[in-house]
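Residue numbers (the numbering used here), protein chains in the order written: chain U, 1 to 255; chain F, 1001 to 1272; chain B, 2001 to 2233.
No lab work stands behind these hints, which were simulated from the structure alone.
One or more hints might be untrue.
In silico lysine-lysine, PhoX-like type, Cα no more than 25 Å apart, as pairs [said to hold, decoys possible]:
{"id": "1", "chain 1": "U", "residue 1": "Lys13", "chain 2": "U", "residue 2": "Lys174"}
{"id": "2", "chain 1": "U", "residue 1": "Lys113", "chain 2": "B", "residue 2": "Lys2105"}
{"id": "3", "chain 1": "B", "residue 1": "Lys2105", "chain 2": "F", "residue 2": "Lys1219"}
{"id": "4", "chain 1": "U", "residue 1": "Lys113", "chain 2": "B", "residue 2": "Lys2017"}
{"id": "5", "chain 1": "F", "residue 1": "Lys1033", "chain 2": "B", "residue 2": "Lys2217"}
{"id": "6", "chain 1": "U", "residue 1": "Lys213", "chain 2": "U", "residue 2": "Lys174"}
{"id": "7", "chain 1": "U", "residue 1": "Lys216", "chain 2": "U", "residue 2": "Lys100"}
{"id": "8", "chain 1": "F", "residue 1": "Lys1240", "chain 2": "F", "residue 2": "Lys1130"}
{"id": "9", "chain 1": "U", "residue 1": "Lys213", "chain 2": "U", "residue 2": "Lys193"}
{"id": "10", "chain 1": "U", "residue 1": "Lys27", "chain 2": "U", "residue 2": "Lys13"}
{"id": "11", "chain 1": "U", "residue 1": "Lys69", "chain 2": "B", "residue 2": "Lys2122"}
{"id": "12", "chain 1": "U", "residue 1": "Lys13", "chain 2": "U", "residue 2": "Lys193"}
{"id": "13", "chain 1": "U", "residue 1": "Lys213", "chain 2": "U", "residue 2": "Lys13"}
{"id": "14", "chain 1": "U", "residue 1": "Lys69", "chain 2": "U", "residue 2": "Lys193"}
{"id": "15", "chain 1": "F", "residue 1": "Lys1130", "chain 2": "F", "residue 2": "Lys1144"}
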Amino acid sequence: MSEKPEHFIVDGKRLDGRRVDELRQIKIELSPLGRADGSCYLEWGRNKIMAAVYGPRELHPRHRQNMTKAVVQYRYNMAAFSVDDRIRPGHSRRSIEISKVGRDAFEHVVFTKFFPKTAIDIFIEVLQADAGTRTAGINAASLALADAGIPMRGLVSACAVGKVDGEIVLDLMKDEDNFGEADVPIAMTAGGKITHLQMDGNLTRDEFYEALKLAKIGCDKVYKLQRQALIEKYNKEYAENGEDAIPRPEGDADE
Amino acid sequence: MVKTPYPGRKVMQMSDDVMAEIHRDYLYNLVLKGERDDGRAFDEFRDISIETNVAGMAEGSALVTLGDTQILVGVKIQPGEPFPDTPDVGVIITNTELIPMASPEYEAGPPREGAIEIARVVDRGIRESKAIDLEKLCMVKGEKVWIIFIDIHVLNNGGNIIDAASIGSIAALLSTTLPAERYGLGEDSPLPVRDIPVAVTAIEFGGELLLDPSLDEGKLAGTVYTVITNSDGSISGMQKSGIEPLTIDQAMRVVDMAGTAAAKIREKFLEV
Amino acid sequence: MERNIVIPGDVVSDNIKMSGSGTYVHGSEVRASVYGLLNTGERYISVIPLAGKYIPHATDRVIGIITEVVYSNWIVDINSPYEGLLHISQYPRRIDSENMSKYLKVGDCILTMVASVDAGMKVELTLREKELRVLSNGRIVTINPTKMPRVIGRNGSMIRLLKSEIGCNMFVGQNGRIWINGSDDCIDLAIQTVRYIEDNAHTLGLTERVQAFLKAKEKTRYGKVHESRNDEE
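Take the sequences, apply the hints, and build the full model.
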């Protein structure tokens, strides 16, 4: 295990060379899984996350069905080998909490009322963890939902902000997360509405406000990458035949 | 890291809990003609790809794709106590997670009989082949040995998980480093692996034996028979499951087919 | 073409009267609710999704598979989050409720019609319409239901092309299942063509492409044994 560094920021550069308002490298791949209705693989720094969406589908047991809307279910899980010390497979109190607030992050954006009695299942598997897995999971989930054709108000984008060496920084890496003064994972809609917010550590009111502003900048950057990934997927898969893709008019079907 | 088997297309299948009778008839009639739905010969595997060191926090890992099936195997190693009845050898613990991401049929929760069977069959092949020199993993007799955790994480079930899990496990072990430095126990070194057991699974369907069953074929199978062979052709583990019986002749034919298929897989992907 | 592809939340119009399927109204704007292709019509702007489940509507003709036989009803999988119910009275003729499995058993396929869908998404099916029947031979392929309109074509033009060029019998269910019958060769070719349409569903001049595809296949078609469904890839 590493020890607390003496300084987190030297000459405006952080331990991994980033500026205070810089995200780690993000790589997105859509639809890697064949069985799921929608899926997304996302690398965020050294985090590797797989997200899958099934649904809307029949919800069992029946007594959990809601007659007026779909039930969104979210399962965040870490692979046993995703961290330094092997973790026991299955749910922990931590993963249950993350799953709960993860679900809450999407309730507002998914048009659940279109699919009464069904479930929309979102599964997040952390394959390699290096600080920020819950926000990376939310970003991947958002794309997997879009990939599955689920109607939504918009994508949800997430990142963490925190405080190290008395400064507010974007997207905490491992040591900053472990030894920093505060960690604030946040998810937002493109319009800046907060759908997920947690905080631990110590911040003043003004620092928190600064953190929110920085989080908005971070989420905007993530949103651009998410949007680009969806558009590129379309261009690659549907228009690769060298001809222009065109939208089809309604009423194409017979009858 | 992960490959898209057929971009833009979901795996085509009938509804999950029920297969249309006419689809079943179609697959059956194909087998009678000596054919399979995806054009393979009866003893032919789907495309295999193996990528190692894909999970950076693990001491060894491999992502295997076998047709549409995708499995990630991670190996974690830590020091611990040996079992009292085997005080001078290391410990292997194999676990399979059939996570609900991988198939609409899987549910969250502790491993059930299917997952446990897969883990135990893979474990048996590795253990009985003596692929890992467990004696070398003993540090202090009766007190301190290396414990190897093989975690099989199924990401997408496209059929024949057991063979993909077996290939993934040995590939992950071949890429594994003993993390001695981390625990102040000397220098890191490669895990001593001296054989490459490979599981090959056949199903009996329409009186024929088919290797590497696809998802649909697996659903039709009356019997599923896995044979694990080693580099020298010897057998280190077997498992028959499914309700239909197997004849002696069929059992021997699968052993022969499995040996040949395993040799090809070993040659192509797994040689150290 | 980027200008045609939209993602959920994209503003597609500032005239809320234009809000069509796959969009929603937010304040004074129309926004996309699904990831798909923008379709600007004269009266409505809609988004055609690239993926999604089949949601049943009355009068849809669908292909179902019997999953269960219960008292007076068959439960039918219609490739949807919602199961269909076929009441014994909706079988083409009067039958005894003791003997339901004799007429339709688990695994049987039916070409059926959605008779009604209530507010609780109870989906009632019928076999009492012309064309509707039990499918006892042929094959069924499943494609993404959002691409069904392209397999059907404008006023059924694509399906007519397939039937006449390939010489097979075919029925396209609204739920993404397609039933095809004919000789083995014809069925194989029909399935390959359906897959081709699915892969090229959002491209221009699809009918001409399909004609060219069939022409190319025609040359290699005769005297050939079974072809894999992925041959064209």
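Discussion item. Under the constraints set out in the numbered hints, which ones does this structure not fulfil?
Written reply: 2, 12
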